[in-house]
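Student: Chains as they are written, first to last, in the working numbering: chain A, 1 to 231; chain B, 1001 to 1231; chain C, 2001 to 2231; chain D, 3001 to 3231; chain E, 4001 to 4231; chain F, 5001 to 5231; chain G, 6001 to 6231; chain H, 7001 to 7231.
In short, the hints are calculated from the structure, not lab data. None of these values were measured; they are calculated from a predicted model. Glycine included, C-beta positions come from ideal geometry on N, C-alpha and C. The reader is advised that the hints may include incorrect statements.
To be verified - As a list, the in silico DSSO-like pairs of lysine-lysine whose alpha-carbon atoms are at most 30 Å apart:
{"#": "1", "chain 1": "B", "residue 1": "K1052", "chain 2": "B", "residue 2": "K1068"}
{"#": "2", "chain 1": "D", "residue 1": "K3226", "chain 2": "C", "residue 2": "K2226"}
{"#": "3", "chain 1": "A", "residue 1": "K68", "chain 2": "F", "residue 2": "K5094"}
{"#": "4", "chain 1": "H", "residue 1": "K7068", "chain 2": "F", "residue 2": "K5068"}
Claimed, not checked - Sample of chain E residues lacking proximity to chain A, with all beta carbon distances greater than 10 Å (derived):
{"#": "5", "residue": "R4020"}
{"#": "6", "residue": "A4034"}
{"#": "7", "residue": "G4170"}
Number of protein chains: 8
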Amino acid sequence: MLSAGPGLCGGHVNSNFDYRRCDRIGMPECIYCASKDPHLLQELLAELCRKKPHPILLTRLSEETFEKLDPAYTCEMNYDAFSETAFLHGVFPKLSTGLVSVVTAGTGDLSVATETTRTLEYLGVPFQLFPDIGVAGLWRIEGNLEAINRAHVIVVIAGMDAAIVSVLGGLTPKPLIAVPTSVGYGVAQGGQCALNSMLSSCAPGVTVMNIDNGYGAACAAFRIIKQIKPT
Amino acid sequence: MLSAGPGLCGGHVNSNFDYRRCDRIGMPECIYCASKDPHLLQELLAELCRKKPHPILLTRLSEETFEKLDPAYTCEMNYDAFSETAFLHGVFPKLSTGLVSVVTAGTGDLSVATETTRTLEYLGVPFQLFPDIGVAGLWRIEGNLEAINRAHVIVVIAGMDAAIVSVLGGLTPKPLIAVPTSVGYGVAQGGQCALNSMLSSCAPGVTVMNIDNGYGAACAAFRIIKQIKPT
Amino acid sequence: MLSAGPGLCGGHVNSNFDYRRCDRIGMPECIYCASKDPHLLQELLAELCRKKPHPILLTRLSEETFEKLDPAYTCEMNYDAFSETAFLHGVFPKLSTGLVSVVTAGTGDLSVATETTRTLEYLGVPFQLFPDIGVAGLWRIEGNLEAINRAHVIVVIAGMDAAIVSVLGGLTPKPLIAVPTSVGYGVAQGGQCALNSMLSSCAPGVTVMNIDNGYGAACAAFRIIKQIKPT
Amino acid sequence: MLSAGPGLCGGHVNSNFDYRRCDRIGMPECIYCASKDPHLLQELLAELCRKKPHPILLTRLSEETFEKLDPAYTCEMNYDAFSETAFLHGVFPKLSTGLVSVVTAGTGDLSVATETTRTLEYLGVPFQLFPDIGVAGLWRIEGNLEAINRAHVIVVIAGMDAAIVSVLGGLTPKPLIAVPTSVGYGVAQGGQCALNSMLSSCAPGVTVMNIDNGYGAACAAFRIIKQIKPT
Amino acid sequence: MLSAGPGLCGGHVNSNFDYRRCDRIGMPECIYCASKDPHLLQELLAELCRKKPHPILLTRLSEETFEKLDPAYTCEMNYDAFSETAFLHGVFPKLSTGLVSVVTAGTGDLSVATETTRTLEYLGVPFQLFPDIGVAGLWRIEGNLEAINRAHVIVVIAGMDAAIVSVLGGLTPKPLIAVPTSVGYGVAQGGQCALNSMLSSCAPGVTVMNIDNGYGAACAAFRIIKQIKPT
Amino acid sequence: MLSAGPGLCGGHVNSNFDYRRCDRIGMPECIYCASKDPHLLQELLAELCRKKPHPILLTRLSEETFEKLDPAYTCEMNYDAFSETAFLHGVFPKLSTGLVSVVTAGTGDLSVATETTRTLEYLGVPFQLFPDIGVAGLWRIEGNLEAINRAHVIVVIAGMDAAIVSVLGGLTPKPLIAVPTSVGYGVAQGGQCALNSMLSSCAPGVTVMNIDNGYGAACAAFRIIKQIKPT
Amino acid sequence: MLSAGPGLCGGHVNSNFDYRRCDRIGMPECIYCASKDPHLLQELLAELCRKKPHPILLTRLSEETFEKLDPAYTCEMNYDAFSETAFLHGVFPKLSTGLVSVVTAGTGDLSVATETTRTLEYLGVPFQLFPDIGVAGLWRIEGNLEAINRAHVIVVIAGMDAAIVSVLGGLTPKPLIAVPTSVGYGVAQGGQCALNSMLSSCAPGVTVMNIDNGYGAACAAFRIIKQIKPT
Amino acid sequence: MLSAGPGLCGGHVNSNFDYRRCDRIGMPECIYCASKDPHLLQELLAELCRKKPHPILLTRLSEETFEKLDPAYTCEMNYDAFSETAFLHGVFPKLSTGLVSVVTAGTGDLSVATETTRTLEYLGVPFQLFPDIGVAGLWRIEGNLEAINRAHVIVVIAGMDAAIVSVLGGLTPKPLIAVPTSVGYGVAQGGQCALNSMLSSCAPGVTVMNIDNGYGAACAAFRIIKQIKPT
């Protein structure tokens, strides 16, 4: 638990939290914790716990930082160490329409996939997870294709050469959001190889997120789901 | 008009055109002409003109290559030199549902935007074009925001720092497909700067295409539009 | 506190501190601690504490190194761990003319911003800080624009896509110094993405510093402020 | 002279020229011609020649494109092929205060320097040019230092290792705007080496522009000059 | 036809052609023409036509250079402009054992594939060509798999994301030599994306050549074929 | 030993282990441990220990992770910390035909070489190791050449400039598989320099693996060895 | 021959030619023509032909530019198109001491080698040329080693993987200056691969020049030769 | 002190130490410890302590590794932690001719400079050290120039923009060996910026080493010094 004062020369920083974002774009501002000084993070939590505007999602919240925070705030959180995400004050109500398939090429991609599924859970979007469907064994895609295609949006998460994206993109008519992961070594270059492969995919209409951006993929899927009229 | 024989040691190459792609993913195979030997391209056109499977889109067909082709085939094409696209045997019927907004940051991005609008026209997707809406004059976005938001999908096309993506992404709830262009010089690095900016956008849920891939953005929009139930 | 002898084969290194820099360029030499061997750093401190030429600024002085130094020297310092800066023998007298606005896109950019504001404080330049003014919520810029524009120079500090630079650059006539930060992941590439975005900005006349160089931005602002005649 | 219709599918593109930029930031929108389709460029010129809002600067206007334009418009231009710039409807009145020194490391940097001086001329800012002051012969800097320092702002333009920036930055108290050029070969990498050298300069407070961005340097100098009160 | 003297200050360059390479490694030295001054190339041809050591392969011999050479030499060549290869004094006798499958992902990869097949023809290695087997239509691989697998070595040639390599690598037990091509644009980066994808392939034991190195792939296949005992 | 539940929100992940790979390509799926969450790794081990399909190879299994695993599984493993590999349930029977030479340029390349030799041991392929044969002392290659050439395949492992590849490639007719290592500093760039050198080798028909991919080189050698008929 | 006026807005540029460089460093300033506007180049030639200070070397003078120059100046030049070099007013007298061996890996490296030998000729340094000594045939080095070692300095010029540098560096005690060339394709990356290989060479004490910098290698050799006392 | 057996599967590795290198190139093989497994390093030490061929230099020997070695060997070493170098069995006798100046731009470059001076000491080459001579204060070079020039070779060591190289190169006729260091942040990119600046230096005949390669610079200087005849 933090005890020292804020890092900014002893002063107090007025919050600029974007409370009106939900009205403008249908999604609230979330809190990306990786680059935030723990003191400032805690000040922001204090404000949010006081105002309770709506459920809040925290991403890239490492276990190390989480444990430094005041239990007064963390006790109100649902924290998942594997995906480094937390819900503060619960999640949004479940949507009545829309389904997202989250597919991973390997088990190494599961922490990013869980950032996606946790964000979908937070936004109230139904989803199904298909882990470890790599193309070195094509039967893994073929056996799951019908189930995958039941969704309105497919999020495909892969590292290394990300070959699954072109294969799946040639088999499904659904919107496809590809997330490169930093899994791999050497020329995989921290996900850069997977990113470029996805952007160069020979399957038409594949869209791509930043490396390891499981959160963004969920938001992109949410934007699409909101266009679908409930039956 | 080409007269010499094919480049492949005088032999004949059996076509592998993917006639069944439309059934699998709802979109036909298109012909990316940039890397194709003109002799092989013409052989493929001969086959497609004989079989007439469905309307065909050709992309990256430079004026120089277009003029080398046999008039017997080019007379059946609708060719646009600015976007280097051609329709062979017309376009698909117009969809009754769905609208796409195509937004560009500058006039330099218009050739890529036209690749997008020509592909949308080919696939039968209604669209509206908003050219030259750069953020150095914010009034250009603000004055058009309501009209832009009328669409189900927004394609935003920009070079250099692509700042428009974060601004627009913070103002619209619609699915956002960002296309970096090779406009710019120095560190713009042929579109790499715009690409990375788009992938790093602070607005949630922005999806990204390869540099100058106006065709792919249209396909991605089409995949989304197909999920929307007609009213 | 260090006890062992110097790293250089037991010898003594004559200082080459640039005591005359203030006369030449109006700013003293500062001490960049990141690459300095602690033994050599302490030798230099000993000399400066003996000669007391003028107030001295130390940058990139990590808490770990700070704690290794002899309390005889550190007791004469004003140290700030958040920005890793220290003042030795106070700061320069406050200038009667000139005001600098320091703007950050996110709270993650605050440690770099504090390096800037600490350097301005050291050089005697008045400043005002506007933290967390990102463009995903444009109201944050618009609500602060008039106050920001009251300054003679604006330092804008941002990571990721740094879109704020083009937006602000299209709204202010003031000299604009942009500092990219290493905030972000994946293609943000340790600040390279923000750097290239700033250099490619479509707003005219934006000048740029090295990644995380909050100190340099303050020096650049100081060079400008010195050109303004007092009223 | 262009005769064919516009590239955009035969339609007409409404101009989005930012006529109000001058009011907001004190500088008008200029026209970057490199990425513009000649047909669209000519449409824009027609509009500007009809409205005559204020003097207009065109940059990156190659001789090849210039010669394709309608003489009705080019006859109203002052065109300089070396710097690829043109003035349409004259230049702004000369400022009564402010002087800029434009320094180049080699004669190979002169085309970029001329883009700077032409832009300064257009904006009405007095300047003096010091070409070919490379550090392999230090006497060239030392002999000109006093004259260079008479200005309020120094623009230094260099390719290859850009060593002049650190040397000059250690000798002058004036604001220093560094422009890397694409002069050089091999690891000079089209100006990337000069850019990184300038950003890493050991002289404090050097600010940097994009590679070959002589226009931007003039705008940055103009922003500074406008802060100086006339005596 | 060349008439001027050699480029080397009027002197004569003694050949260092590696006549003994065939004895050491079973393959002769071939002539890579891309970087060779045409005068020097012709001098070398003169020597080889005089000595006639064994059949000679020339690669990267552009049509432009080919036409500059003395007909006295070119009349003894079998030249193919599509692959930019030539045989001087015929080819080696056909091997009684061994078969190579050459597979391409797209028709754009055919010029590189033809460099491979021409080199195999020159070395006397039997081969079969499977063009345009991209994974966006999996049926193209599946329908040809049995035939492809009949060979002792598979050369797979692909640009862009090169996804075919992982798919094929998971379906065949044969030695797999992957050749990235410079087909593609944007992040395909002249073949760098395909190269990295191939090196990162999740299929075990895929080996990789330099970008567009169809010649090298044939040599690598030849090295393997030579290990197979004739039945 | 792990005690906590799986990272995936408390749920259970069905295994997708590719039990049929051996039938398709002659080699089983191996387990790349570097990117795998230890909980998931242990679940997979539990399944494999229950099913015992065939000997299993684990690669990139760090000592740190190894020690976290349940002794119930690790006691059935043959673990080598130097190469970070483990055999679970033994190795495959030794092949009666085929020999591989594994050559390293320096002693720093031995950990990668051991990943290769351990994989060969697992697959049942006979091998001989020639460590530390760098070209700065040519006698080291020349003295071992005859012995090296006795094998059917040569794996050459080198970091830095990897000059040994071109030298050896000019002296041997055998299939050559080159593995770059991350040995070196500065421009060696984590193996990128060795990789590019190998791909650019002037010796014909050298094939290349990803950086540090000793496992893949063994698999590639195995694919070749399987083509050789037993005598 | 040029007829138009200078590019600099009609003005005249005072020369800053470094006439005193010879006194300071023993070598005169040479003229790098690649980045120079032909008008400015001709102005400089006019001045030098008037003053005739000493022999002048021009490098990177393309045939195209050479032919645009006034015959009044070119008639006084000794021009070599292959190396793009010219001597104006002869060369310096031959030194009585010192010998340089210039070695190339392939014939494609000869244009760079000729830039080196022409510069040595200009500076009066005796040299011997050993072209095409690549390591794929080691006998080419071994047969020439004794002769190469007769020199005081060895310049070795190579593209692609530049393996010759490590081999030669392990066989000679002489100072070794390595020049990477832009020969090669794909990952050779315009000489970057050769450059990094040379810098990473396992042979001790190899020094390196910029890509294609044959001129610089000659100057570096000259600096060394000048340290050798005549016998 | 190490107790466990060697990493190589319990076996013994025959040494390939290049005992004859001194005869061939005048310098012995040194031991680069960074990439060596401590067990193998110790085996090599055991052999060298038994054979005592000549004085041995160890580089990149971190304190952490040094402390793991058997005191039986370390007690015979002269170890310097700052430069991570050790002498085993003393150093070579001092040469009667030759002097090297070692110059650094900043105090942060001193650890690399000490690797250079320690290697010179080991090889018996006299030297003088000039630390902290950066160009932001030109008086530091000018005041030391005469003394620096007294040497036969100058080694200049610098990070960041390495501007000192061009300045010094324009002031001295002596052979100049430049060593980039990894000092700096952001675009300094671990020394890549300094490296490229040095290679692009406008001063003629500057030669360059790999980043942080202080050892190599000493070897290069030694190769030159050996060419100088004793007076």
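Student: All the hints need checking, so say for each whether the structure fits it.
Tutor: Results for each hint:
{"no.": "1", "hint": "B:K1052 to B:K1068", "verdict": "22 Å, holds"}
{"no.": "2", "hint": "D:K3226 to C:K2226", "verdict": "14 Å, holds"}
{"no.": "3", "hint": "A:K68 to F:K5094", "verdict": "55 Å, violated"}
{"no.": "4", "hint": "H:K7068 to F:K5068", "verdict": "25 Å, holds"}
{"no.": "5", "hint": "R4020", "verdict": "36 Å, holds"}
{"no.": "6", "hint": "A4034", "verdict": "25 Å, holds"}
{"no.": "7", "hint": "G4170", "verdict": "4 Å, violated"}
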